[in-house]
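S.K.: One letter stands for each residue in the lines below.
There are 4 protein chains.
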Amino acid sequence: MKDSAVLLITCPDQKGLVAAVSGELYRFGANIIHADQHRDHDEGLFFMRVEWTLSDEDGQPFDIQAFSNAFTPIAQNFRMDSQLHVSAVKPRVAIFVSQHLHCLADLLHRHQMGELDCEIPLIISNHTDGEPLARFYGIQFHHIALTAATRPENEAKQIVLLEAAGVELVVLARYMQILSPEFVRRYPYRVINVHHSFLPAFIGARPYHAAYKRGVKLIGATSHYVTEELDDGPIIEQDVARISHRDQVDDLIAKGRDLERMVLSRAVAWHLDRRILRYGNKTVIFD
Amino acid sequence: MKDSAVLLITCPDQKGLVAAVSGELYRFGANIIHADQHRDHDEGLFFMRVEWTLSDEDGQPFDIQAFSNAFTPIAQNFRMDSQLHVSAVKPRVAIFVSQHLHCLADLLHRHQMGELDCEIPLIISNHTDGEPLARFYGIQFHHIALTAATRPENEAKQIVLLEAAGVELVVLARYMQILSPEFVRRYPYRVINVHHSFLPAFIGARPYHAAYKRGVKLIGATSHYVTEELDDGPIIEQDVARISHRDQVDDLIAKGRDLERMVLSRAVAWHLDRRILRYGNKTVIFD
Amino acid sequence: MKDSAVLLITCPDQKGLVAAVSGELYRFGANIIHADQHRDHDEGLFFMRVEWTLSDEDGQPFDIQAFSNAFTPIAQNFRMDSQLHVSAVKPRVAIFVSQHLHCLADLLHRHQMGELDCEIPLIISNHTDGEPLARFYGIQFHHIALTAATRPENEAKQIVLLEAAGVELVVLARYMQILSPEFVRRYPYRVINVHHSFLPAFIGARPYHAAYKRGVKLIGATSHYVTEELDDGPIIEQDVARISHRDQVDDLIAKGRDLERMVLSRAVAWHLDRRILRYGNKTVIFD
Amino acid sequence: MKDSAVLLITCPDQKGLVAAVSGELYRFGANIIHADQHRDHDEGLFFMRVEWTLSDEDGQPFDIQAFSNAFTPIAQNFRMDSQLHVSAVKPRVAIFVSQHLHCLADLLHRHQMGELDCEIPLIISNHTDGEPLARFYGIQFHHIALTAATRPENEAKQIVLLEAAGVELVVLARYMQILSPEFVRRYPYRVINVHHSFLPAFIGARPYHAAYKRGVKLIGATSHYVTEELDDGPIIEQDVARISHRDQVDDLIAKGRDLERMVLSRAVAWHLDRRILRYGNKTVIFD
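Residue numbers (our numbering), protein chains in the order written: chain A, -12 to 274; chain B, -12 to 274; chain C, -12 to 274; chain D, -12 to 274.
Bound conformation, chain A alone (with noise of 0.2 Å):
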């Protein structure tokens, strides 16, 4: 069982930035894990990600909260934009889905093994057919119809839920609605979508007839953070497949699941383990 905390840093690039994180760290005996760093030199920018274990070999437990206390004046003092994080807080994670199950199958499944580090309390759909396998995975299921007409009262329900479970990410795999501005802008670079394209190429809907018609030789599926602008949000994660002439709409659909499945459960992966950090329209991903 993990027990660690990541701390991810963003600021404007000067000198001295690792030395004093690290020299803090240091100071408070931090056994770190993992760390890593990026520059973007054409913004200026700094980027960090650091991970150490919580609880050490020698028994000398790490005092988290000290070291935040004494981390805000670093922070402050660089213009840093930082977030701390502890793996025994779970991230409490909500799937929305409509009809095609893949993704959530996927998702559901890993969970269950392991492979994504959080809770997942609730599944909000407006279709019925995700119900039976979030039985049998345990998870709640609220089926919430959606027309246009309803969508302002049906989001506010959503919402509710949301709130109500303490959900910090919403999943969307392959939910085939739009989400509103006002939701988006609730959950800022917390809504993480799947689309079955290799954007920014077939925005929009039916990438996949759209990429037959093209006659194109690969097809992709895009994972992205959600924001107000169609498919337009930073993207996370990316993957193609090749296709022939041999391969019709529905096999191109076939193939694309395994890479929405793919993108998507990376996605989440990297987000519940505190691996991305977004700037701009952008992702920094650190492995």
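Heads up, some of the hints might be wrong.
It does not matter which identical chain is meant; a pair holds if it fits inside one copy or across any two.
[Stated by the list, open to error] Derived DSS-like pairs: lysine-lysine, alpha-carbon spacing no greater than 30 Å straight-line: (1) Lys269 <-> Lys2; (2) Lys200 <-> Lys242; (3) Lys77 <-> Lys144; (4) Lys269 <-> Lys242; (5) Lys77 <-> Lys269; (6) Lys(-11) <-> Lys242; (7) Lys(-11) <-> Lys77; (8) Lys(-11) <-> Lys2; (9) Lys(-11) <-> Lys144; (10) Lys144 <-> Lys2; (11) Lys77 <-> Lys200; (12) Lys(-11) <-> Lys200; (13) Lys242 <-> Lys144; (14) Lys200 <-> Lys144; (15) Lys242 <-> Lys77; (16) Lys77 <-> Lys2.
Just so you know, the hints here were simulated from the structure itself, not pulled from any lab data.
Given the structure of chain A, go ahead and fit chains B, C and D onto it with the hints provided.
M.R.: Okay, now just chains B, C and D, sitting in the frame of chain A:
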């Protein structure tokens, strides 16, 4: 040294097509090496490629002229669009290049190694950078400086050179000029270009800069036949490479060079081996 | 609902093969959907797969029995090893599994979605972990505890179950037991296994540990027909994933699970679609 | 024109390492461009690569000699194995080649384009095929015919040439001779070879023939440091390409050439950029 014939067929799909073609080939004693077919059920089209040896092991030569005559009524009967190629007649290819020489160097080296089954009588460039490579590989190099004002007369010069050399296929190996519609119409589906993005994403100029700006996680390259609409012709081959937040535009450009080399050289080799059938804006690639 | 027939042929290569087969199909009015051929010139072998519809759009049903009778002398004449399958007869498949359930979960979900064209009457396991999944998907689950001492009698139990259920294909979905030569001989090229390495590298137990120790930069997985020699049967499919020095053995195992799922499910789907022809220790995969 | 320094560190893992190194760099005013670390928890080892500019934008030059002196006691204190490189000192590289020239042509073209940050004072070959390419790129070519009988004296000749040219790295670009243990010991982890298989599969001669015989569905290539044991040195890079039953041995060889070029050129570029740390039989590749 290969001595074979290739028959390429496109026609409306109907029963008896394979029986008719293979029956006629059998009647002439063809020793088939490869045969492949495809049906596009949506379009109701049938595609076929057959390759057979011309000089049999038992010394009996295949009478290609007699077969061609006998096949004509069959082709008419089935409303076939057919091509008959013999390996003894090498396609003649011209390469157009500007200042980026990686595709040119790659094509010339592959040609020398025997990977590209063609003659390359000439290279045309709007710069002089490619001249030493051309000279090293013993190929004529023509420098035709281009300005917007002189394009018509310069294209006229190009066409004179291409016609004098009996060129069948023009390869744009990172040629940074747009061909006129008149030029394209003169060489229908006989100009192959490499575009340095995963089409249809990032059409037009500076695709690596656009990819960097969008924050994609894979970059691509596409080889395609040139049509009058920019970057919209039938796609022949595509490939991608993974990038990360660590890659700057220059890294994208460097990684992209390898993709460009691969997708362009594959497209040219397949075209020369008569493995591509184009229909509408798509390609069938027989492997 | 597909209603088609598939003819698979392996025979010594000679002239007139395609003409004979396609002529006979034409005589019976077959509406061919797919046809593919291959020649192994070294071995002098010819391979063919033809698929055609049984209920034509114009209402005329294809007389499969009459065709079968008429084809017999042709097959004998050309010394063909041929199989004739109709889609109405679904192959019956048993899945063997131990404690790692990712391949089982994947196969069952794909089956439910219609990706695998078969019946799955039973699952056999030397553990009970897979039972809930089996029950969820409504498939009989048989727990047969295995020890070295009891293997013969337990395999006898397995065979009774397989024969009672009319099983044609056995899929080893991370079944961590070695089948006896007698078992393998009873199901020749009808047992598909997934090995968690890029064969022939890392044959045998704990391949991820071996890969980690060797410091490879890619890990792989392989699906293959089981023969009496361990991990040496004809390969059906392989795939790889990139790893780095950051990946520990546990990361290799996690990344490998995705590869195992993919290569095993593809192999099973291709087998069921009658797209695999085995010869010697190799496979032809018609796409 | 890059003007930077790279510090590479390998040492037993312990607390305070990053604080010590980054603190010292900060004290000297280093403007860090890239920094990366890795811990091998099994081995208890720490790895670090830091790169910083030597001529700052504000005109303040970094005093590399003073830093080196100040760093010595830190390195001793932490029992570091450290290397300090400055970009102004270009590594000097010799290429060994036999008759297959694709890797040589690729390396020379990349070098000319500026992708490989080194000097290439000489090429050594047991054949004369590579001489025109060497001459085209203006590099000295030495033909040393090799027979088993004359190997010792010929290796002696090679070593005289390498030493006279101040060569730090030897690249075996499809050099079809086995180096003696004495030679290998003289250039420890400073000889990079490309093996035309996915190691550890198909060690030794004619790997494409072995891969064809085994019926694999992917072929690979591997670049690695040469050790005294054949094809067993630390792996730097690997890549694979998909093949099918249609591919004969010649097709494997042709597809493999592209893999060989890629994995060898990447390995050389990474070595030159001081991005590789070797330990035991493994490599850390900082990206």
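S.K.: It remains to establish, for every hint, whether it holds in the given structure.
M.R.: We went through each hint and held it up to the structure:
Proximity of Lys269 to Lys2 under the C-alpha cut-off of 30 Å is restricted to the intra-copy arrangement: shortest distance 24 Å within a copy versus 33 Å between copies. In this assembly of identical chains, the alpha carbons of Lys200 and Lys242 lie at most 30 Å apart whether taken from the same copy (16 Å) or from different copies (28 Å). With identical chains, the CA atoms of Lys77 and Lys144 are at most 30 Å apart within one copy only, with a shortest distance of 24 Å there and 46 Å across copies. In this assembly of identical chains, the alpha carbons of Lys269 and Lys242 lie at most 30 Å apart whether taken from the same copy (27 Å) or from different copies (20 Å).
In this assembly of identical chains, the alpha carbons of Lys77 and Lys269 lie at most 30 Å apart only when taken from the same copy (25 Å versus 35 Å across copies). With identical chains, the CA atoms of Lys(-11) and Lys242 are at most 30 Å apart between copies only, with a shortest distance of 19 Å across copies and 35 Å within one. In this assembly of identical chains, the alpha carbons of Lys(-11) and Lys77 lie at most 30 Å apart only when taken from the same copy (11 Å versus 45 Å across copies). For the homomeric pair Lys(-11) and Lys2, the shortest alpha-carbon distance between copies (19 Å) is at most 30 Å, but the shortest distance inside one copy (33 Å) is not.
Proximity of Lys(-11) and Lys144 under a CA criterion of 30 Å is satisfied in neither setting, with 35 Å inside one chain copy and 43 Å between copies. Within a single copy, Lys144 and Lys2 get their C-alpha atoms no closer than 49 Å, and across copies no closer than 50 Å, so neither meets the 30 Å cut-off. In the homo-oligomer, the alpha carbons of Lys77 and Lys200 never lie at most 30 Å apart, since the shortest distance is 44 Å inside one protomer and 33 Å across protomers. Taking identical chains as interchangeable, the C-alpha atoms of Lys(-11) and Lys200 lie at most 30 Å apart only when they sit on different chains, with a minimum of 24 Å there against 48 Å within one chain.
In this assembly of identical chains, the alpha carbons of Lys242 and Lys144 never lie at most 30 Å apart, being 35 Å within a copy and 38 Å across copies at closest. When the C-alpha separation of Lys200 and Lys144 is checked against a cutoff of 30 Å, the pair qualifies neither within a copy, at 39 Å, nor between copies, at 37 Å. Taking identical chains as interchangeable, the C-alpha atoms of Lys242 and Lys77 lie at most 30 Å apart only when they sit on different chains, with a minimum of 23 Å there against 33 Å within one chain. Taking identical chains as interchangeable, the C-alpha atoms of Lys77 and Lys2 lie at most 30 Å apart only when they sit on different chains, with a minimum of 27 Å there against 34 Å within one chain.
When the structure is compared with the earlier hints, violations turn up for hints 9, 10, 11, 13 and 14 and for no others.
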